[in-house]
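*Asks:* Sequence:
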Amino acid sequence: MEKPASDFEELCSFASFRKVWNHYGYESGDMMEMRNKEFARIKGMTYLDHAGTTLFPQSQIKGFSQDLSENVYGNPHSHNSTSRLTYDTVESVRYRILQHFNTKPDEYSVIFTSGCTAALKLVSEMFPWKPASQTDTGSLFCYLTDNHTSVVGIRGVTSPLGVTSVPVQPEEIEMTQSKESINTGQVPNGKVSQNPHLFCYPAQSNFSGKKYPLSYVKGIQSQKLYPSCKTAGHWFVLLDAACFVSCSPLNLQVHPADFVPISFYKLFGFPTGLGALLIRNDSIGILKKRYFGGGTASAYLAGQDYFVPHTSVASRFEDGTISFLDVIALNHGFEVLETLTGGMSFIKLHTFGLARYTYMILSSLQHANGSPVAQIYCETEYDDPDTQGAIINFNVLNDKGDIIGYSQVDKLASLHSIQVRTGCFCNTGACQRHLGISDQEVQNNLQAGHVCGDNVDLIGGRPTGSVRISFGYMSTFQDCQTFLKFIVDSFAQQPVKMDKDRLKRLRTSLPAESLAYPTLPNHNGPLKVQEEGSECSGSVKTPSISAQRGESNIPRSGVVYSRNAEVSGTLTNIFLYPIKSCAAVEVREWPIGERGLLYDRIWMVVNVNGVCLSQKQEPKLCLIRPHISLQHSKLSLSAEGMSLISVPLEGSSQEKQTVQVCQTKVCGDRVQTVDCGDEVAGWISEFLGKTCRLIRQRADFSRNVKKGHLQGKSRTSLSLVNEAQYLMINRASIQLLQDHITSRSDSSTCLQFNTEQLIERFRANLVVSGKEPFEEDNWTKVTVGQTPFQVVGQCNRCQMIGIDQKTGDRSREPLLSLPGCHSGKASFGIYLIHQPSDASQHTHILSVGSPAIPVVSRAASGPQAEKPF
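When we follow UniProt numbering, the leftmost residue of the sequence shown carries the number 1, and every step to the right adds one.
Careful, some of the hints might be misleading.
What the hints assert, rightly or not - Each pair of labels, with its calculated beta carbon distance range:
id, residue 1, residue 2, range
1, Lys43, Phe14, 18 to 24 Å
2, His627, Gly824, 36 to 42 Å
3, Ser222, Lys288, 21 to 27 Å
4, Lys62, Gln835, 46 to 52 Å
5, Phe14, Ser69, 54 to 60 Å
In short, the hints are calculated from the structure, not lab data. C-beta: ideal position from N, C-alpha, C; glycine also.
The task is simple: from the sequences and hints, build the whole structure.
*Replies:* Following this line, the structure appears as structure tokens:
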């Protein structure tokens, strides 16, 4: 064998690759093991079109399929339990998307679309374009010429409106960067211009893989870069991130583009037909939506031109029902991507290394006569993953220097089971620039019969397009090896040579070890974001109470009741529910915390998508029995057929360093929680028969009361309860309901509903023995012992009260009978909040047997009653 050929063979070894790039694969395991397990379907194939779409892993589809087989997802616009599950799951996906791009819901909103193109179209139709006039230049639509067709296509909306379109060459931006002061926004007549302008550019070229500086975002917004530095007005930036985010992390906190369109199949491979528009919340106000579809209205009239948009940003912009099952599939995509790779920073280094190595060899290949084998279209030397993506665009040359048509290359590649992309890749601007095709040639080629996407690769010996290969997170060194050998065996005149001077220069152009390797995140549960320095919980000063005996060791403050006070009843029961929707813990006395009864609804169970589970979806939750030991600072769980398991009431010092912050929703509110670990997650999953996790509310996170006139005004903190801190019910009302059920049912049915069983079903915190049924509906305040409470509303009941808390069995009662004994209303019980006076220094203790003294609404009892809050 000739020596040059042996040089090529040597370069095609993994040892040579390691000399070029240190970062290969992921710490989760061997690359080939991952390929064989997750992507066995491409065995014998070399897939190099990841910029077109990446490949989905088998475990993603398996997880999604299992999710669909275990859950019923209804239309999110309905209000039944299946619809609520869908809505909550979709919301959790929105948060996960924002976390992926290192931003928060108060900074960006996620609007689901059918893809990146639909997101771009949405912006073009809603942007407040101002037409040019004789006295005003109006709005400008500016776009980089190296842009996807779908971006340039915005011109089809702006041109009929009289808005000027400005194509910008890449070099014009840096060339005109000014060191002068920022444009003041003045126009010749002395007035300040407020014209809205839009500049669009790709974070990464889908043609060459060049990464354009993300600093352009702030540079354009602040009018320091061309074209914004030349034209006054308010500049907005649309960052086309579809190609970029497939292999690179995007930090929107650092680079706050106004509009960011993406397509999820570029990131996960599945689902297709789903994208999103991330809108900076500060920029939402400028958008003017005209069409309104189902689900976007707060109110409208069919007979008059009257329409009020929905207050929710997502609901306002998402016309009709979104593709909710596809949205739910994204959760599994995020989960598997993190598990397999550790995150986008690892993917970025892995894929860039493959592209760098392939570029180095391909650009150095020579025919026997010394002429190059390939012409590569790029603007970098593949020496920096921050400026170059995992794309190589090229044409193959014969030994005379003539281009071999891309169609021929594609056909031969297919014979070798190598998948590439050919043409201009919906980026005519970059194609013209790199291939030297003039505007006139494009028009002449059309007249000669060449249209975008066909196989006419050469006209008059000149290329109409090129060949593109691109790498994904599951691409391997063997893919590079197979591709390079295909090029040599199919097109190179033997014996093949290597440009050794070029190889030497490229090998030393970037010391790989200079790049810091990212830190692997911990994979503990759904919706995880590592927050450095954040604490998982704060210390809670708890009184010494025995949960077993219900005896307090705190010295009691003197409790003196006025002889003139009208005592309506007595506190007969105290219940707390440490884990939302799990069994109750009944105590004789218990301290009050900042959010309600101490440790009441501090934990909750979430499904694989991070959505809170309730007994509506999983009745077996009521069979999980929590037990709190304040003495040992533990929450223990028990269930039939399961061993006892415990978790700490508070986070350990070690947990504060490794806390996984989870973001989910409770009753429409975003809540921040911490994951309680794999052991208890496995315990709950085994008992329920589905993948679940236990999460705990962060001690430093608070949410406000949601009921009544205090909604959004009170600073009262809530735990993971739905509406308010406490729920109180009246035994007299229970008795009336029991009598009503008895009168409607036969004796055998009646036996199922004794007083205590009914009390259990309503899951109240406080039970009082009142004088009259439903008198509590008219209370505005109530003092239990020495602890004052404010009434903030009534509790509207649902089918959850039909679940037997001892067995998990469902029944129609008592919900069926409730309206008949309560004036047609399905409410039962009152919500309370505790607002201690600033002067109060002692810990409040609630004790069974304490009197309950209400204040009655003036409307209910006349002028003698105290005026309601």
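*Asks:* If a hint holds in the structure, say so; if it does not, say that too.
*Replies:* Hint by hint, here is what the structure shows:
Lysine 43 and phenylalanine 14 have their C-beta atoms about 20 Å apart, which keeps the hinted 18 to 24 Å range intact. Our hint of 36 to 42 Å for histidine 627 and glycine 824 holds, since their Cβ atoms are close to 40 Å apart. A C-beta distance of roughly 25 Å is found between serine 222 and lysine 288, which places it inside the suggested range of 21 to 27 Å. Between lysine 62 and glutamine 835 the Cβ separation comes to about 50 Å, which falls inside the hinted range of 46 to 52 Å.
Our hint of 54 to 60 Å for phenylalanine 14 and serine 69 is violated, since their Cβ atoms are close to 41 Å apart.
Hint violations for this structure: number 5 only, all remaining hints satisfied.
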